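Asker: Residue numbers (my numbering), protein chains in the order written: chain A, 2 to 134; chain V, 7 to 187.
Hints are computed from structural coordinates only; laboratory data are not their basis.
It cannot be assumed that every hint is accurate.
Said to hold, decoys possible - Reference excerpt, derived from the structure (chain V facing chain A, CB under 10 Å, subset only):
| no. | residue |
| --- | --- |
| 1 | Met78 |
| 2 | Ala79 |
| 3 | Leu86 |
| 4 | Ala127 |
| 5 | Thr158 |
| 6 | Arg186 |
Remember, it's a predicted structure, so these values are computed and weren't measured experimentally.
We put the CB at the ideal spot given by N, CA and C, even for glycine.
Residues per chain, in single letters:
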Amino acid sequence: MDEREHDQVSLCFCSIGTTTLAFSSKHLKAFIGPESNSDHASGTPLDLAERLALASGAGHSPQAAVLSFRGTERVVRLGSAVRLRSVPWLQLHPLPALVSALREHAGLAGVVLEGQSFALLIDFESLSDTRTL
Amino acid sequence: MESKAASSNVATGLGQLVQEAQVARERARHTKHDSEERQLLFVLRISGFLIGLPASSVQSVIATDPPCPLPMAPAYVVGLVPHSEGALAVVDLAHFMELGVTTVAASANRVVVVRSGELEAGLLCDQALGIHSAGADEIARECVVRGGQLATYTSFECQLALGRVASLNLPGLLQAMQLRA
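Only chain A is shown next, with the shape it has when bound in the complex (with noise of 0.2 Å):
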């Protein structure tokens, strides 16, 4: 049997409006809560929510943490609060051909597959400030 089956991968998940994301946990600094605080990090927070055009839903607070990544820690307003779960190696898929590029233009390392339900990988030392798409 194959050893990987039994790997497991740390991955934080959080949920902006429907869409659901994951990320590794090896970004994760600090919980911080619905408001950011500039006092954990440097920089201007990084609104994932705005940063990938996805639609926040109606009464939307973001929850934020401070990541690490590309060298830096930053604030990130993630949406949801942030859940800390092992899944095994073998859930996380490549993005399909067709839409690979999205890894150069959101970030999208590729999908965490668990039964019918989605979870899209966010990269964050490939996720850029800028919107290139």
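Place chain V on chain A using the hints.
Answerer: Frame of chain A, contents of chain V only:
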């Protein structure tokens, strides 16, 4: 004399047999030629248009839940659905080819899964009408179906019992839909 006549009869009989064999071979050759010229098309209906795809490119027809939308994707990319232990990109051809009426992903949940080389896609459709065969006499000399960008991606048209079918250049279509970095 009798022997000569008998020999002649045999010769005539053999000649006839040879001729018949030749005719049979010709007929078989024509039949094979005809069958080679028949096009097997998978026909679907999108926004009122009958669209044909090479049947060999169609992998399956699936009914899905509404796709998971992809951030920053163009509007014709409806989203992803789970498929074959991975993710399948579902696209709306009506939107991509500007056919006028966009298929609503939530209500039209019939998806035709196609592949050409490395590119795979799920095509939203209103109806999947199955495989139909088009003979040489059914293939039209001119393309007359007009709608949005349909003519750009039409290889040929054929007149089937279902109606006029625009058969698409699937490799060209998928390459045109592929997002570029």
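Asker: Give a verdict on every hint.
Answerer: How the hints compare with the structure:
1. Met78: This hint holds: Met78(V) lies near chain A, its Cβ roughly 4 Å from the closest one there, short of 10 Å.
2. Ala79: It holds, given that the least Cβ distance between Ala79(V) and chain A is near 6 Å, below 10 Å.
3. Leu86: holds (6 Å)
4. Ala127: It holds, given that the least Cβ distance between Ala127(V) and chain A is near 5 Å, below 10 Å.
5. Thr158: With a minimum Cβ separation of about 18 Å from chain A (threshold 10 Å), the hint on Thr158(V) is violated.
6. Arg186: holds (6 Å)
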